[in-house]
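Each chain, letter by letter, is given below.
2 protein chains.
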Amino acid sequence: MSEAVLHEVHLIGCGLIGTSMALDLRAKDVKVTLEDSVSTNLAEAIKLGAGSTEAQDSPDLVIVAVPPSAVSEVVIAALEKYPEALVIDVASVKTPIFDALDAAKIDLTRFISTHPMAGKELTGPENANAGLFKNKVWAVIKEQNQTPALVLELIHLLGAKPVHLSAIEHDKAVALTSHTPQLLASVLASLIAEADEAELCLSGQGLLDMVRIAGSDSKLWSDIVMLNTANIVAHITALQAKLTNLVEILESSETSTTKDELITLIEQGNSGLAKLKQIQDRNLS
Amino acid sequence: MSEAVLHEVHLIGCGLIGTSMALDLRAKDVKVTLEDSVSTNLAEAIKLGAGSTEAQDSPDLVIVAVPPSAVSEVVIAALEKYPEALVIDVASVKTPIFDALDAAKIDLTRFISTHPMAGKELTGPENANAGLFKNKVWAVIKEQNQTPALVLELIHLLGAKPVHLSAIEHDKAVALTSHTPQLLASVLASLIAEADEAELCLSGQGLLDMVRIAGSDSKLWSDIVMLNTANIVAHITALQAKLTNLVEILESSETSTTKDELITLIEQGNSGLAKLKQIQDRNLS
Chain X
1176 MSEAVLHEVH LIGCGLIGTS MALDLRAKDV KVTLEDSVST NLAEAIKLGA
1226 GSTEAQDSPD LVIVAVPPSA VSEVVIAALE KYPEALVIDV ASVKTPIFDA
1276 LDAAKIDLTR FISTHPMAGK ELTGPENANA GLFKNKVWAV IKEQNQTPAL
1326 VLELIHLLGA KPVHLSAIEH DKAVALTSHT PQLLASVLAS LIAEADEAEL
1376 CLSGQGLLDM VRIAGSDSKL WSDIVMLNTA NIVAHITALQ AKLTNLVEIL
1426 ESSETSTTKD ELITLIEQGN SGLAKLKQIQ DRNLS
Chain Y
1176 MSEAVLHEVH LIGCGLIGTS MALDLRAKDV KVTLEDSVST NLAEAIKLGA
1226 GSTEAQDSPD LVIVAVPPSA VSEVVIAALE KYPEALVIDV ASVKTPIFDA
1276 LDAAKIDLTR FISTHPMAGK ELTGPENANA GLFKNKVWAV IKEQNQTPAL
1326 VLELIHLLGA KPVHLSAIEH DKAVALTSHT PQLLASVLAS LIAEADEAEL
1376 CLSGQGLLDM VRIAGSDSKL WSDIVMLNTA NIVAHITALQ AKLTNLVEIL
1426 ESSETSTTKD ELITLIEQGN SGLAKLKQIQ DRNLS
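For the record, the sequence lines run as chains X and Y. Mind the numbering: the first sequence is residues 1176 to 1460 in the numbering used here, read in order. Mind the numbering: the second sequence is residues 1176 to 1460 in the numbering used here, read in order.
One chain only, chain X, in its complex shape:
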């Protein structure tokens, strides 16, 4: 691994994630060339100093940072256009990408699928920043036997920590920890959208934190969610069962039982939060 050195990276897709990666790489003196089908995104990324559009010599690494539903097509084109380069993607859903590449009978030797667990509720290059990946987990899909050193170098260079898992494991995990919470935040925020202003006059930081990610981009997130529906529906169904049980507890006339069962629920939540914090701390230690 010590021999791999990133010299030149070609970025396809100058959104929040791609541009943030490019800014980090530029700060580490890696040459970055940029490409985006949306000319305003490309212009903004160049303005920010994320790289240039000059002809690539021969990139070591091509980063495909386009919306999930476009990834497989762009990866196939990149593997063909850059026959010497490794190609990675950074999409939030994995199984459908591998399905599409398998269906197209693509040799996956030079393709590594990855997903940095970093983001914002804001999108576009104008919200990008270097440092976005520092101390974040970065999923690497282990369809290959070994992750190429160059990919690990990229992740380390950006201050992130690689976590290796399969595409199926990845999609199950993000359904629980990212996609379902995202939709739940949207549902809660849509209840706020319908509420009278008088009902909102006493809101504080707790609610704001819970709906922060409801500010996310609707086109990007509908794209992500549609590629992982079965896993998400399983979690929403589990949530619904818990909410139905909660309503039964609240409507029970046995107040001492209600109190005990509410305490049990809140303590389960205490445990869940403690478990989450412990895993996050351990992942990043």
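If you are wondering where the hints come from, they were derived from the structure by calculation, not from laboratory data. Check each hint, because a few of them may be wrong.
Each pair may be met inside one copy or between any two copies, as identical chains are not told apart.
[Unchecked claim] With a straight-line Cα cutoff of 27 Å, these simulated DSSO-like cross-link-like pairs (lysine-lysine) come out:
id : residue 1 : residue 2
1  : K1309     : K1203
2  : K1256     : K1317
3  : K1295     : K1452
4  : K1280     : K1203
5  : K1450     : K1295
6  : K1295     : K1311
7  : K1417     : K1394
With chain X held as given, fit chain Y onto it using these hints.
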């Protein structure tokens, strides 16, 4: 109002909220005497410099900062023991307190019910801090024609902003913006508690923010929730209907409709978040 001056405050209940208020008042050179039925809480609050237990001369103001289900009883005793003082409470639920005081035929002339919209997922005097109420909204229940100047002085002294509303309006508002989100965070965190560790390895800040308040104290929160069940059940039922609709959208075989409806949901969430931020900004401007 300019003539009212807080000289001496007696605090009953040295938990997070009460002790934080006392620390703020001490920093402004207001004399504070302390009382708590739990001796360890009292000792901790004294150690932190929140006040003393020396005999009160004649407090201008008595602050009742005990758990909601104990408030009415403590308020009745305080009104009797301190016949010259104003008595306020700071509980998270209002209607049951007024119901109990009305049932006991208490003269409410010297009682003002209030609720600072500040807190933490942590409890107890050991987590208290001065400044907790700075730039926070502070509900004042307008059962009286006019809020006494001393109460407004207290709120301003602690850097908060008073919002006047009725007990019924208060309980409806906090059901939506505090109690339902609190339970939703617990429900989501309880799903995490049941999950395999492998499913949690990719979690990030978004999920952590959504479940932060799931760390709240189970005894305090079961107490609060049980005093506002009808309002809470109405919101949970509305959430359930939205989740049922979401599952139908996700399971639909018409992908173009699914995409459109997901975009609509996420955009409703965008609007809800924007509305919430706007109201919070306006409240505190």
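Evaluated hints:
Within a single copy, K1309 and K1203 get their C-alpha atoms as close as 14 Å, which meets the 27 Å cut-off; across copies the closest is 41 Å, which misses it. Taking the shortest Cα distances, K1256 and K1317 sit within 27 Å of each other inside one copy (24 Å), while across copies they are farther apart (71 Å). For the identical chains of this complex, K1295 and K1452 are neighbours both inside a copy (20 Å) and across copies (17 Å), given an alpha-carbon limit of 27 Å. For the homomeric pair K1280 and K1203, neither the shortest alpha-carbon distance inside one copy (36 Å) nor that between copies (74 Å) is at most 27 Å.
In this assembly of identical chains, K1450 and K1295 lie within 27 Å of each other by CA distance both inside one copy and across copies; the values are 23 Å within and 19 Å between. With identical chains, the CA atoms of K1295 and K1311 are at most 27 Å apart both within one copy (13 Å) and between copies (26 Å). In this homomeric assembly, K1417 and K1394 come within 27 Å of each other (Cα to Cα) only across copies, at 20 Å, whereas the closest approach inside a single copy is 30 Å.
Against the hints set out earlier in the document, a violation occurs for number 4 only.
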